[in-house]
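Enquirer: Below are the chains, spelled out letter by letter.
Protein chains: 2
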Amino acid sequence: MTSVDSHQQAAVLISEVGPRDGLQSVDATMPTADKLRWIDALHAAGLGEIEVASFVPARLLPQMADAAEVVRHATMLPGLTVMALVPNRRGAEAALAAGAHKLTMPVSASRAHSLANVRRTPEEMVEEVRAIAALRDGHAPEVRLEAGISTAFGCTLQGRVDEDEVIRLAVQCAEAGAQEVGLSDTVGYANPAQVRRLFRRLRSELGERAGAAHMHNTRGLGLANCLAAFEEGVTTFDASLGGLGGCPYAPGASGNVVTEDLVFMFESMGVPTGIDLEALIAARGPLMQGLPGEPVYGMTPEAGLPKGFAPTAH
Amino acid sequence: MTSVDSHQQAAVLISEVGPRDGLQSVDATMPTADKLRWIDALHAAGLGEIEVASFVPARLLPQMADAAEVVRHATMLPGLTVMALVPNRRGAEAALAAGAHKLTMPVSASRAHSLANVRRTPEEMVEEVRAIAALRDGHAPEVRLEAGISTAFGCTLQGRVDEDEVIRLAVQCAEAGAQEVGLSDTVGYANPAQVRRLFRRLRSELGERAGAAHMHNTRGLGLANCLAAFEEGVTTFDASLGGLGGCPYAPGASGNVVTEDLVFMFESMGVPTGIDLEALIAARGPLMQGLPGEPVYGMTPEAGLPKGFAPTAH
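Those sequence lines, one after another, are chains A and B.
Residue 1 is where the first sequence starts when you use the working numbering, and the numbers rise one by one after that.
Residue 315 is where the second sequence starts when you use the working numbering, and the numbers rise one by one after that.
Think of the hints as simulated: they come from the structure by calculation, not from any bench.
Treat the hints loosely; a few may be bogus.
Unchecked claim - Pair by pair, the computed Cβ-Cβ distance ranges are:
id : chain 1 : residue 1 : chain 2 : residue 2 : range
1  : A       : Gln158    : B       : Arg403    : 30 to 38 Å
2  : A       : Lys307    : B       : Pro455    : 47 to 55 Å
3  : A       : Leu115    : B       : Thr389    : 19 to 27 Å
4  : B       : Phe623    : A       : Leu115    : 54 to 62 Å
5  : A       : Thr235    : B       : Pro609    : 55 to 63 Å
6  : B       : Gly473    : A       : Thr235    : 28 to 36 Å
Unchecked claim - Here are some, though not all, of the chain A residues that point toward chain B, as calculated from beta-carbon distances under 8 Å:
id : residue
7  : Leu61
8  : Asn88
9  : Gly159
10 : Asp261
11 : Met265
12 : Gln289
13 : Val296
14 : Pro306
C-beta atoms are modelled at their ideal positions from N, C-alpha and C, and glycine is treated no differently.
Isolated chain A (complex conformation) (with noise of 0.2 Å):
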């Protein structure tokens, strides 16, 4: 069976964030050709959806200079959706010229933080999405819009981050044309009740344009929290291959989820993700050839798989 196949069977979609979170927070800028091999070898392993790079200017990150050329590669990729994560309109444009299937747009409900990352406020930040929905709507119609409200469960700057306001925020989002509104535990501060109340509330306010869990494993709680998600109706679920990432303008900040152990969590709970884990774990390989010495981490991956272990079928 084809890994397009097994996305069709897949109870949840594991969204591959690597490529752009992990890349962008490494001081090491990856070459084109061993990103295109990574992004090959997570298709190949059966992800659906990888967010293959950021449209922000290249003297900021230099680590996405090539975004363009990465997403026309990726969307050669056959069942893949290609998403792509756009601070501005300028960005979005970029990202709807090079054919991205979906952007995603960060807005932070820390104050602070949303200053910090892309300086604007929160309230600047719906317009934003207001701004780029017309400009898809006008350009792109088939291309989709997710807004990802970060630090949504506490910011390393101004520590509380209110739950009105997350959910304020992101029904702002979804009014302004985002047709997902995920929710990021940007610096690992979340816990599973936390997770839970306020998945459920986005649920509840927001039904079906209820998006994607961003969890990090900061403190040990992420594969925790993912659970606490899914159990609360998330099927969507960010996560990075080898756990590479963080966000550079969040000091503390480490550690997405491991793919490869939330992978296995699923696969293991007889919960089907389309992915193959022994593929997946092969593809370490070109993230490790493409960052030479970079640490990447995973339980999984170190400790092999459990003997007899039953994947879902693929």
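Mind docking chain B on chain A? Use the hints.
Expert: For chain B alone, coordinates are given in the frame of chain A:
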């Protein structure tokens, strides 16, 4: 407020197994004085139950040669439940003589692991539980007896472990006189769906005698599995400071759930543990001094507590 008071308010009991499970699985032997300092620090942090030693022949586990002295010291700490592992009658006699408050017996659901670990079949171990319960009834009726069903979620030697067999064995242990029967993921094979299923059955069969969840983090799912168990009503969780431990007779077993991360999870969820996280992290000091060069793990100690983190009241 003293640790004794806070235990009474705790909603979950964290049972620290590092001084037994952790220390028996490293090659070095921690000097007795360091063990006592470490146990004192754990008690001072608010831990209400500590598995302090294993009563096995010193030629098999020289790390545990001072078991009686360690138990005698620990019983002087106010409010602490002092637990000791006993594989057989001879061990139980020594543990009772030393004054242990609670005995725990490993009863493996995997025949292969049982023979490797204690050189007895599961059926023979049930008879050993019965004999030790009789010994306890005659000499120290106030002492509690726990059976921990090891390899309850799978085994590196035999692979899959039949769930009916796990529950049958647990019931047999309770009928033989164990007041608590817990389930152990000795080799880190468990997943949250399986944890829910087995603890639900265990609680349905044994009611108040259903005991602790002993989870390993071998494949990164330790906390997610504890969360699943908690949501099924489990209130006692084994964990090891710094993640020290494993099982020397189960190839590939490593990594008890890290006490610091587990306590952070519950406290951040608003579930009182009675434990002071700062003091708990400080208890890593004597552990590291007593085992120089031994790696200790834990994401929360490395990342620090979140800004504005509010633990439950102590």
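Enquirer: It remains to establish, for every hint, whether it holds in the given structure.
Expert: Consistency of the hints with the structure:
1. A:Gln158 with B:Arg403: 30 to 38 Å: Since the Cβ atoms of glutamine 158 of chain A and arginine 403 of chain B sit about 60 Å apart, the hinted range of 30 to 38 Å is violated.
2. A:Lys307 with B:Pro455: 47 to 55 Å: 42 Å, violated
3. A:Leu115 with B:Thr389: 19 to 27 Å: Taking Cβ atoms as reference, leucine 115 of chain A and threonine 389 of chain B lie about 57 Å apart, which means the hint is violated.
4. B:Phe623 with A:Leu115: 54 to 62 Å: Violated - the Cβ-Cβ distance for phenylalanine 623 of chain B and leucine 115 of chain A, about 23 Å, lies outside 54 to 62 Å.
5. A:Thr235 with B:Pro609: 55 to 63 Å: With a Cβ separation near 37 Å, threonine 235 of chain A and proline 609 of chain B fall outside 55 to 63 Å, so the hint is violated.
6. B:Gly473 with A:Thr235: 28 to 36 Å: 30 Å, holds
7. Leu61: This interface hint is violated because 24 Å lies over the 8 Å limit.
8. Asn88: 28 Å, violated
9. Gly159: Where the cut-off is 8 Å and the nearest Cβ of chain B is about 3 Å from glycine 159 of chain A, the hint holds.
10. Asp261: 4 Å, holds
11. Met265: For methionine 265 of chain A, the interface hint holds, since the closest Cβ of chain B sits about 6 Å away, which is under 8 Å.
12. Gln289: 24 Å, violated
13. Val296: Interface hint status for valine 296 of chain A: violated (14 Å vs cutoff 8 Å).
14. Pro306: 4 Å, holds
Violation of the numbered hints given earlier is confined to hints 1, 2, 3, 4, 5, 7, 8, 12 and 13; the remaining hints are satisfied by the structure.
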